[in-house]
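**Q** Protein chains in written order, with full-length UniProt numbering: chain V, 1 to 334; chain W, 1 to 546.
Since the hints were made in silico from the structure, they are not lab data. Hints may contain errors.
As the list claims (entries may be wrong) - Heads up, simulated DSSO-like pairs for lysine-lysine below, C-alpha to C-alpha not over 27 Å straight-line:
| id | chain 1 | residue 1 | chain 2 | residue 2 |
| --- | --- | --- | --- | --- |
| 1 | W | Lys379 | V | Lys312 |
| 2 | V | Lys166 | W | Lys379 |
| 3 | W | Lys256 | W | Lys92 |
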Amino acid sequence: MASSQAKSEPMDTNSSAEASDFDPVNLESEILQLCLQFPNGVTDKILENSFRSVTMQQRVSALNRLLSLNKIDLLKSATESGTFLYRIRDTTGASGSSISVGGTTTDQMERVVYQLVKESGTLGIWMRDIRTKTKLSQTILNKTLKSLESKKLIKAVKSVHASKKKVYMLYEMTPDPSITGGTWYSDHEFEAEFVRVLNEQCARLLDERLEESIKKFPNDPFLRRTSAFMSSNELVALINEMGIATVSLTVQDIESILNTLIYDGKIEKTTVASTTTTAEGGAKQHLYRSVVAMLESSPVVRNPCGICPVFKDCHDDGLITPETCIYLNKWLDF
Amino acid sequence: MTTHHIQLAFDLLEDLFPDGTSKEIASYLSRKGPLPFALLVRDLNIPARNIARSLAALTIHDIVECQVEASTKRVLYALNLKRTLYILHYSKCIHCARQLYSFDGELIIEELLLNGKQRMSTLLVKVYERLIKAGKDPETHNLQSIKEKFKTLVSAQFLQRVVADDAKPFMATTVEETSASSVQIPELTPEAWKYLVSNQQYESNEPAQKKVKTSMPIFGDEKIFWKVNFQRFFAYLRDEELIQAFTNRIDQNAGKIVRAILRLAAVKLDPSRTIPISFIEIAKTISNTGLQLNDESLQKYMNVITNDVNNCIVKIGDHGRGTYEVDFQKALRGLTKAHIQSFLKERYGSNALRIYNMLEERGCLSQKQIEDMAMINAKEAQQYVYSMFIDGMLTLEELSKANDFNPTRTFYFFRVNLYNGVLSLLDHSYKTMSNLMQRRHFEKERHRKLIDKRDKVDAIIHSLREQNADEEQINEVDDILSPVEKEQIKKLDAAFRKIDLAQLQLTETILLLELYLSLSNTVAPVQKKTGGKAVAEKLLETRAQR
Numbered sequence: 001m002a003s004s005q006a007k008s009e010p011m012d013t014n015s016s017a018e019a020s021d022f023d024p025v026n027l028e029s030e031i032l033q034l035c036l037q038f039p040n041g042v043t044d045k046i047l048e049n050s051f052r053s054v055t056m057q058q059r060v061s062a063l064n065r066l067l068s069l070n071k072i073d074l075l076k077s078a079t080e081s082g083t084f085l086y087r088i089r090d091t092t093g094a095s096g097s098s099i100s101v102g103g104t105t106t107d108q109m110e111r112v113v114y115q116l117v118k119e120s121g122t123l124g125i126w127m128r129d130i131r132t133k134t135k136l137s138q139t140i141l142n143k144t145l146k147s148l149e150s151k152k153l154i155k156a157v158k159s160v161h162a163s164k165k166k167v168y169m170l171y172e173m174t175p176d177p178s179i180t181g182g183t184w185y186s187d188h189e190f191e192a193e194f195v196r197v198l199n200e201q202c203a204r205l206l207d208e209r210l211e212e213s214i215k216k217f218p219n220d221p222f223l224r225r226t227s228a229f230m231s232s233n234e235l236v237a238l239i240n241e242m243g244i245a246t247v248s249l250t251v252q253d254i255e256s257i258l259n260t261l262i263y264d265g266k267i268e269k270t271t272v273a274s275t276t277t278t279a280e281g282g283a284k285q286h287l288y289r290s291v292v293a294m295l296e297s298s299p300v301v302r303n304p305c306g307i308c309p310v311f312k313d314c315h316d317d318g319l320i321t322p323e324t325c326i327y328l329n330k331w332l333d334f
Numbered sequence: 001m002t003t004h005h006i007q008l009a010f011d012l013l014e015d016l017f018p019d020g021t022s023k024e025i026a027s028y029l030s031r032k033g034p035l036p037f038a039l040l041v042r043d044l045n046i047p048a049r050n051i052a053r054s055l056a057a058l059t060i061h062d063i064v065e066c067q068v069e070a071s072t073k074r075v076l077y078a079l080n081l082k083r084t085l086y087i088l089h090y091s092k093c094i095h096c097a098r099q100l101y102s103f104d105g106e107l108i109i110e111e112l113l114l115n116g117k118q119r120m121s122t123l124l125v126k127v128y129e130r131l132i133k134a135g136k137d138p139e140t141h142n143l144q145s146i147k148e149k150f151k152t153l154v155s156a157q158f159l160q161r162v163v164a165d166d167a168k169p170f171m172a173t174t175v176e177e178t179s180a181s182s183v184q185i186p187e188l189t190p191e192a193w194k195y196l197v198s199n200q201q202y203e204s205n206e207p208a209q210k211k212v213k214t215s216m217p218i219f220g221d222e223k224i225f226w227k228v229n230f231q232r233f234f235a236y237l238r239d240e241e242l243i244q245a246f247t248n249r250i251d252q253n254a255g256k257i258v259r260a261i262l263r264l265a266a267v268k269l270d271p272s273r274t275i276p277i278s279f280i281e282i283a284k285t286i287s288n289t290g291l292q293l294n295d296e297s298l299q300k301y302m303n304v305i306t307n308d309v310n311n312c313i314v315k316i317g318d319h320g321r322g323t324y325e326v327d328f329q330k331a332l333r334g335l336t337k338a339h340i341q342s343f344l345k346e347r348y349g350s351n352a353l354r355i356y357n358m359l360e361e362r363g364c365l366s367q368k369q370i371e372d373m374a375m376i377n378a379k380e381a382q383q384y385v386y387s388m389f390i391d392g393m394l395t396l397e398e399l400s401k402a403n404d405f406n407p408t409r410t411f412y413f414f415r416v417n418l419y420n421g422v423l424s425l426l427d428h429s430y431k432t433m434s435n436l437m438q439r440r441h442f443e444k445e446r447h448r449k450l451i452d453k454r455d456k457v458d459a460i461i462h463s464l465r466e467q468n469a470d471e472e473q474i475n476e477v478d479d480i481l482s483p484v485e486k487e488q489i490k491k492l493d494a495a496f497r498k499i500d501l502a503q504l505q506l507t508e509t510i511l512l513l514e515l516y517l518s519l520s521n522t523v524a525p526v527q528k529k530t531g532g533k534a535v536a537e538k539l540l541e542t543r544a545q546r
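Isolated chain V, as found in the complex (with noise of 0.2 Å):
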């Protein structure tokens, strides 16, 4: 603004006469038609080959008014060092209103901080970065943020990965699953409860399947096999309909539960090429069957210094030996 005044003094004199026949309000709407023809941005020079009959000051007075009507923006040209940038901003929302009203500098940084928000789409903005991109202190952004908060236009979302992270958001999008971490976790906390009992109804499920097919076929181990199998798309069907969740599980979610009942060593996995055309089918289909463990029990485990907690300090000749072991009395019952 001020460099703009120290232009205008010098032609103040001289244009005057000029300005009396010219129609500001024409000019301001000239210019935002030439700022939506440039969305990227209009710079002063082009402003002055458009509008050569326009003198200086009365193109710096409509651009002011503009400015304040915010129906555009000022921005400091990257690109030419010096130079300002005049942008049509887009006012279509509601909320850009509600802003508008008042005019003082902290508005304006809750605009920019709004701006960089809303930006960030559903994965939210940490506050840090927020810091980097305006540039602003740490206690005037504090307060932009609570007084956005407070109007209900951003909120603040806790990470459940890093407890002490919050990222921020508009108020009205729902935070993405990286965040909030999906289907298993609930209220930022893992739900080790609701994993275990869909574990163990997956798991039941295919012993079921197991035992049926083994009634159906006690002579023939290749049907057996074959018919224990089950599909993801199979599973995700019955579990939903015995409603366990409350929301609705996807395949996705099914298979990484049965991933870890594969590494339980309870069922097995093999990967066949789909035969149905239905829309879930894809490419590939992956069959899930219960299996028998190789081994019941090693006999490592069968006696008490398998599972013993101080087996390293169990010597000859030490507090803790096997002549006085108590978990050695308990087996033998002594």
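Chain V is fixed; fit chain W onto it per the hints.
**A** Just chain W now, with coordinates in the frame of chain V:
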């Protein structure tokens, strides 16, 4: 060669040779390496004659080996630790022989195990005497039948021939019997045979008369000794485990089919794989054993079998309607993994097992990734991972982002290391075995008076029964033991039985793990010297304190 390994070897020696000499000699040799006789006499405070006798006994059992030092041509005695641990498997071997070759076979193996090496003639006589004493009918169990059993044992390679080489008069060389050379059972000279047979008749007719000392004839096998072929027994035991695994996974019939395959594959060119066996041979063997399976169902079974137990039975061709091979490396790997998994599950919990399996499939994972993928509480996951790491089942790998290993800027990856895991589990089993043996010894000492009393009472009752005494007298003797003592004896017996059973089952695991180690080609991976283990231990400590 850990402490526990050596300790167990000494315990076993003490068990087998109850006077302490053998144990002392063994411990001294293991500490100092191969030594000549003179040094042993000088350093140990045992009379030379005893040392000589112990050494002779140990050498005949192959527990101590003779080596000739090249430079000075002295004879050195070295302890063979591996052979000492074979003592663990004695009972299992005897049981195998009993199952396959009935009572005669069992006695032959037992005698050989107790005596190390023996000539066939002495063996036959001894076994015969034992049979008679055990009350078996001398008609069915005569010398001829024992000799036949001996022949079958040799042809199945359960016994090995040892020849005393004239060139090296004090060393015995084991004859490696290949399939090409036919095994030669030494034929006893006719007069020797007559001597034996006449002795037998002599024994049965006049047991009370004093034996007239006739000059011993030449038996014809003076220079040929026999000993037990442990490797063959171990192979048999391993096969049994494999069959058991298949029976658990599929069903009984599958187990029988696998048994047939393994029997056909008894001849091995390469220790880790068998010769290819065709489907037709399998079908023939199956029908011989009486299992009613038509070709179609056999095909189906083979299909299912090839997909199980770590894919150890592989189909390698189609000639002969399908050719199959057993890959023992894979089989042992699958079985050892099962043992380790069961160990982890019982010791740390099923969640720890989940983490272990996950790491095995995925290669390496960081702590954070483990927590996410395993769907376990972060705190618990950390505890499991670090406990397994301390026990040696997992290894830690550091990958630094910067040049210095700044902890905030390095990735820490955990990996599963089967070799280390097996070593750790084996060590654990050795120590457990030592513990059980120690406890048994202790209990026996503690209740020695009671046991002695019970033994005396039993002997008296036995002799009374032989003399057909009154029931009253027997009851009187029985009452020497008060009811409280009887209760104690019963508990004691039950305890001993439990310990024995646990020891027996433990030898299965030990055998399997050792076979895996000997067959696997992996070398122990080089572990970087990091403070990881110390950090992990400290972490668990602080957690426990909290």
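**Q** Checking one constraint from the list: CA of Lys256 of chain W to CA of Lys92 of chain W, max 27 Å. Satisfied?
**A** holds, 21 Å
**Q** Mind checking the alpha carbons of Lys379 of chain W and Lys312 of chain V for me, to see if they're no more than 27 Å apart?
**A** Cα-Cα ~24 Å, so holds.
**Q** Below or equal to 27 Å on CA atoms is what counts here, so check Lys166 of chain V against Lys379 of chain W.
**A** holds, 22 Å
Checked against the numbered hints given earlier, this structure breaks none of them.
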